[in-house]
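K.L.:
Sequence lines, in order, name chains H and A. Position one of the first sequence corresponds to residue 1 (the working numbering), numbered consecutively onward. Position one of the second sequence corresponds to residue 181 (the working numbering), numbered consecutively onward.
Just so you know, these hints were derived from the structure itself, not from any lab. Warning: the hint list may mix true and false statements.
[To be verified] Derived DSS-like pairs (lysine-lysine); straight-line CA-CA distance at most 25 Å:
(1) Lys173/H - Lys657/A
(2) Lys116/H - Lys127/H
(3) Lys231/A - Lys164/H
(4) Lys473/A - Lys164/H
(5) Lys149/H - Lys231/A
(6) Lys75/H - Lys473/A
(7) Lys164/H - Lys207/A
(8) Lys473/A - Lys207/A
(9) Lys657/A - Lys123/H
(10) Lys173/H - Lys530/A
(11) Lys245/A - Lys75/H
(12) Lys366/A - Lys173/H
[What the hints assert, rightly or not] Far from chain H by the CB rule (all over 12 Å, computed), these chain A residues:
(13) Asp187
(14) Asn241
(15) Pro395
(16) Gln469
(17) Thr538
(18) Gly580
(19) Asn635
(20) Phe731
[As the list claims (entries may be wrong)] Some chain H residues close to chain A (C-beta under 7 Å, calculated; not the full set):
(21) Phe38
(22) Thr50
(23) Phe169
No residue lacks a Cβ here, since even glycine has one placed at the ideal position from N, Cα and C.
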Amino acid sequence: MIAMLTGSVVIGSEFLLSGCKNSESSNNRIFSNKDIAFLDEVAETILPATTSPGAKEAAVGAFIGVMVNDCYTEKDQQIFHEGLKTLEIACKKEFNKGFLQANSEQRTKLLIGLDKEAKEYQKTKKKDDPTHYFTMIKQLTLFGFFTSKPGSTQALRHISVPGKYDGSFPYQKGDRAWAE
Amino acid sequence: MADNKFDAIVIGSGISGGWAAKELTQKGLKVLMLERGRNIEHIKDYVNASKELWEFPHRGNKTQKLIDQYSPVKRDKPSNEITNDFWVKDKECPYNEIKPFSWWRGYQVGGRSLTWGRHCYRWNKWDFEANLKESIAIDWPLRYDDLAPWYAYVERFIGIQGSREGLEVLPDGEYLPAIEMNVAEKYIAAGIKSHYQGTRHMFIGRTANITQPRPEQGRVNCQYRNRCERGCPFGAYFSTQSATLPAALATGNLTLRPFSIVRRILYDKDRQRASGVEILDAESNKTYQYTSKIIFVNASAFNSAWILMNSATDIWPGGLGSSSGELGCNVMDHHSLVGASGIIEGFEDKYEYGRRPTGIYVPRFRNIYNDRRDYIRGFGYQGAASRQGWSRKISELSIGAGFKEDLTEPGNWAIGLTGFGEMLPYHENRITLNKDKKDEWGLPILNIDVEMKENEKKMRTDMMEDAKEMLEAAGLKNVSVFDRGYQPGMGIHEMGTARMGRDPRKSVLNGNNQVWDAKNVFVTDGACMTSASCVNPSLSYMALTARAADFAVKELKKGNL
Numbered sequence: 001m002i003a004m005l006t007g008s009v010v011i012g013s014e015f016l017l018s019g020c021k022n023s024e025s026s027n028n029r030i031f032s033n034k035d036i037a038f039l040d041e042v043a044e045t046i047l048p049a050t051t052s053p054g055a056k057e058a059a060v061g062a063f064i065g066v067m068v069n070d071c072y073t074e075k076d077q078q079i080f081h082e083g084l085k086t087l088e089i090a091c092k093k094e095f096n097k098g099f100l101q102a103n104s105e106q107r108t109k110l111l112i113g114l115d116k117e118a119k120e121y122q123k124t125k126k127k128d129d130p131t132h133y134f135t136m137i138k139q140l141t142l143f144g145f146f147t148s149k150p151g152s153t154q155a156l157r158h159i160s161v162p163g164k165y166d167g168s169f170p171y172q173k174g175d176r177a178w179a180e
Numbered sequence: 181m182a183d184n185k186f187d188a189i190v191i192g193s194g195i196s197g198g199w200a201a202k203e204l205t206q207k208g209l210k211v212l213m214l215e216r217g218r219n220i221e222h223i224k225d226y227v228n229a230s231k232e233l234w235e236f237p238h239r240g241n242k243t244q245k246l247i248d249q250y251s252p253v254k255r256d257k258p259s260n261e262i263t264n265d266f267w268v269k270d271k272e273c274p275y276n277e278i279k280p281f282s283w284w285r286g287y288q289v290g291g292r293s294l295t296w297g298r299h300c301y302r303w304n305k306w307d308f309e310a311n312l313k314e315s316i317a318i319d320w321p322l323r324y325d326d327l328a329p330w331y332a333y334v335e336r337f338i339g340i341q342g343s344r345e346g347l348e349v350l351p352d353g354e355y356l357p358a359i360e361m362n363v364a365e366k367y368i369a370a371g372i373k374s375h376y377q378g379t380r381h382m383f384i385g386r387t388a389n390i391t392q393p394r395p396e397q398g399r400v401n402c403q404y405r406n407r408c409e410r411g412c413p414f415g416a417y418f419s420t421q422s423a424t425l426p427a428a429l430a431t432g433n434l435t436l437r438p439f440s441i442v443r444r445i446l447y448d449k450d451r452q453r454a455s456g457v458e459i460l461d462a463e464s465n466k467t468y469q470y471t472s473k474i475i476f477v478n479a480s481a482f483n484s485a486w487i488l489m490n491s492a493t494d495i496w497p498g499g500l501g502s503s504s505g506e507l508g509c510n511v512m513d514h515h516s517l518v519g520a521s522g523i524i525e526g527f528e529d530k531y532e533y534g535r536r537p538t539g540i541y542v543p544r545f546r547n548i549y550n551d552r553r554d555y556i557r558g559f560g561y562q563g564a565a566s567r568q569g570w571s572r573k574i575s576e577l578s579i580g581a582g583f584k585e586d587l588t589e590p591g592n593w594a595i596g597l598t599g600f601g602e603m604l605p606y607h608e609n610r611i612t613l614n615k616d617k618k619d620e621w622g623l624p625i626l627n628i629d630v631e632m633k634e635n636e637k638k639m640r641t642d643m644m645e646d647a648k649e650m651l652e653a654a655g656l657k658n659v660s661v662f663d664r665g666y667q668p669g670m671g672i673h674e675m676g677t678a679r680m681g682r683d684p685r686k687s688v689l690n691g692n693n694q695v696w697d698a699k700n701v702f703v704t705d706g707a708c709m710t711s712a713s714c715v716n717p718s719l720s721y722m723a724l725t726a727r728a729a730d731f732a733v734k735e736l737k738k739g740n741l
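When you get a sec, could you build the whole thing from the sequences and use the hints?
P.N.:
As structure tokens, then:
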């Protein structure tokens with residue numbers, strides 16, 4: 001059997017609570033360029049550029065589109081697409097403008113609220129209830145960013161061929177984690 | 181020699197078939213190795229070996245399309261976007277689950293030796309005696325001492341990194357320098373040793389990854405990428421391609437024929453021997469026959485039994501080797517996906533450099549010496565400690581710059597222990613031919629009817645609770661148990677369908693892996709196993725194959741075959 005638990009980075013379905021769980025065929029809803037730009041901004045608010053590039057530079061919006069199209073079930077795709085609309089409506093309700101028009105403080109405030117809401121929902125939901133759309137967005141953002149080239153090589157450290165193993169390697173607070 | 185005549189035919193090119201081909205060709209036999217799938221050339225065909233994660237459109241995830249191709253085994257995880265070329269798509273090669281069974285197959289040259297977990301453990305002396313002592317199924321026709329020299333022979337060739345521990349429960353072999361445990365694992369190992377006063381142990385998992393170069397085999401030592409399952413461009417882990425196939429080819433005695441589905445073994449009634457095999461070319465659908473003096477069946481446990489079931493049916497309706505009534509019965513696997521995990525406090529100033537191709541191993545401690553439980557046999561653990569990565573849960577932070585900066589640093593050290601338990605041989609856990617459903621070549625598919633019973637279920641409680649107790653004894657906090665829901669087959673250690681024994685009325689094979697009813701047919705893959713132990717089985721398959729090949733050639737020379 002393939003050894004389990006050999007590393008800290010989990011690829012795929014264990015981390016992604018949603019999607020990739022059943023064999024309903026996907027109908028490949030199309031993400032427009034506008035949708036991708038919207039997702040880029042949402043993702044950038046979750047993981048902004050700091051001393052390292054943010055989600056937008058890592059093209060997380062486009063990646064999310066690919067994942068939702070190819071890996072999500074039809075039902076989850078629907079929740080995701082509806083969720084984008086819900087997010088936009090929530091933004092308009094709170095700030096009288098859409099997410100793309102909102103400034104970065106407003107975006108952050110909105111998503112902090114949605115994150116809380118999603119966490120509460122996930123905690124209390126029944127097993128077969130759908131995943132909260134913001135949980136989907138956040139998971140795909142984290143996964144998309146930290147497995148991207150900028151995320152792996154600039155936000156994290158990446159060595160393709162380590163060549164040796166040291167199980168007691170010095171670490172100082174602030175040193176970046178290894179990418180897979 | 182005519183094109184269709186050989187001294188020996190080896191059916192299958194996986195971990196045991198590769199060994200059969202190497203041993204027989206090196207002893208001077210002209211060998212035909214048949215593989216039902218496509219060829220995979222060493223290094224050249226490991227197309228994903230050097231890609232980075234971001235080069236995969238879904239970063240390794242399964243797409244809905246892939247899940248659909250792999251139904252019904254979509255329920256667990258070995259195949260993904262990166263490795264799926266090495267795993268059979270169930271839609272193309274269906275089987276019938278009477279009870280849920282995940283049948284993971286590798287139809288290509290190299291078989292599952294390309295994707296295996298690489299853990300190599302010798303059986304102990306009790307493993308070979310347990311059936312007899314506990315009146316379970318039948319006795320093994322051999323003992324540890326019979327196999328020990330063959331374990332050593334195989335270990336020397338394949339290259340296993342590991343430490344010698346001097347334990348009766350997990351005999352030491354011949355090892356290359358061990359990869360080290362990390363600082364957190366050493367701490368836990370010391371805690372376990374001290375708490376259990378030397379009766380429980382944790383050390384580095386013994387794996388077939390070389391830690392010293394082997395220029396004579398064209399193999400470079402492990403580079404700590406931990407991407408073994410994609411095929412290794414350094415040849416650092418043992419596979420058919422990295423080791424046994426080049427050795428067999430170097431003799432000039434090997435013919436390898438991919439796309440060759442063996443339909444049946446040809447049986448000569450008068451001589452009571454097999455005379456060769458009939459194959460279907462998977463590409464052209466044409467039928468060919470090849471003859472040989474001996475045949476090694478190494479098609480993987482279920483397919484080896486399938487071939488026997490389809491052979492000599494004019495004499496035995498159940499097929500060659502069915503006279504005992506045991507062909508296809510006694511399916512075993514290792515039940516798993518159960519254990520515990522916890523957080524290790526401290527060691528914040530330490531990290532790992534490099535990605536090991538192994539983890540730790542905890543050998544069996546239940547039902548040995550004076551320990552007695554309400555079940556028989558036992559289990560071992562595999563696992564690893566590492567600092568948590570970006571996928572850890574951080575509840576206090578939600579989104580934004582602080583959240584991101586936090587995730588770019590490693591988290592706490594954490595460890596998981598996953599148990600691998602012995603499954604007993606039950607006659608009624610069996611595979612049979614399905615006469616109604618055929619595959620795309622018109623061949624009958626298999627029914628699989630296998631389940632865990634009381635002994636396994638009781639053992640699983642210990643597998644969880646013991647892991648928790650040991651981690652807590654070592655001082656860990658927040659230890660929690662898990663049972664991810666094992667179903668038979670998920671261990672990918674299926675075995676037992678043509679067991680060895682001392683009595684032709686109760687076993688398919690004798691003590692030299694010969695089919696009782698056709699002494700020039702040898703079955704030396706997982707099918708031959710009379711019990712399962714709890715350790716990973718491949719090393720034993722290899723040792724049994726080398727032993728049987730040695731015997732076969734000696735018998736051939738004596739004119740006994």
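K.L.:
Each hint should be assessed against the structure and marked as holding or not.
P.N.:
Status of each hint after checking the structure:
This hinted pair checks out: lysine 173/H and lysine 657/A have alpha carbons roughly 22 Å apart, not beyond 25 Å. Annotation: proposed proximity of lysine 116/H to lysine 127/H holds, straight-line Cα distance about 19 Å (limit 25 Å). The straight-line distance between the Cα atoms of lysine 231/A and lysine 164/H is roughly 19 Å, inside the 25 Å bound, and the hint therefore holds. The hinted pair formed by lysine 473/A and lysine 164/H fails the criterion: a straight-line CA distance of about 48 Å is larger than 25 Å.
Pair hint lysine 149/H plus lysine 231/A holds up; C-alpha atoms about 12 Å apart against a cutoff of 25 Å. For the suggested pair lysine 75/H and lysine 473/A, the alpha carbons sit about 59 Å apart, so the restraint of at most 25 Å is broken. Straight-line distance between C-alpha atoms of lysine 164/H and lysine 207/A comes to about 38 Å, which puts the hinted pair past the 25 Å bound. For the suggested pair lysine 473/A and lysine 207/A, the alpha carbons sit about 14 Å apart, so the restraint of at most 25 Å is met.
Straight-line distance between C-alpha atoms of lysine 657/A and lysine 123/H comes to about 23 Å, which keeps the hinted pair within the 25 Å bound. The suggested pairing of lysine 173/H with lysine 530/A holds, with an alpha-carbon distance near 10 Å, which does not exceed 25 Å. For the proposed pair lysine 245/A and lysine 75/H, the alpha carbon gap of about 15 Å is at most 25 Å, so the pair holds. Between lysine 366/A and lysine 173/H the CA atoms are separated by roughly 22 Å; this keeps the pair inside 25 Å, and the hint holds.
Listed as a non-interface residue, aspartate 187/A keeps its Cβ farther than 12 Å from every Cβ of chain H; the least gap is roughly 35 Å. Under the 12 Å C-beta cut-off, the non-interface status given to asparagine 241/A relative to chain H is violated; the minimum distance is some 5 Å. The claim that proline 395/A is not at the interface with chain H holds, since no C-beta of that chain comes within 12 Å of its own (minimum 18 Å). Listed as a non-interface residue, glutamine 469/A keeps its Cβ farther than 12 Å from every Cβ of chain H; the least gap is roughly 37 Å.
The beta carbon of threonine 538/A is not kept farther than 12 Å from every beta carbon of chain H, the shortest such distance being approximately 7 Å. Non-interface status of glycine 580/A relative to chain H is broken: a Cβ of that chain comes within 12 Å, the nearest being about 6 Å off. Every CB of chain H is more than 12 Å from the CB of asparagine 635/A (nearest about 20 Å), matching its label as outside the interface. Under the 12 Å C-beta cut-off, the non-interface status given to phenylalanine 731/A relative to chain H holds; the minimum distance is some 30 Å.
Residue-level restraint check for phenylalanine 38/H is violated (minimum Cβ-Cβ distance to chain A is 16 Å; threshold 7 Å). Hint status for threonine 50/H: holds, given a least beta-carbon distance of 5 Å to chain A, under 7 Å. Here the hint on phenylalanine 169/H is kept, as its CB sits about 4 Å from the closest CB of chain A, short of 7 Å.
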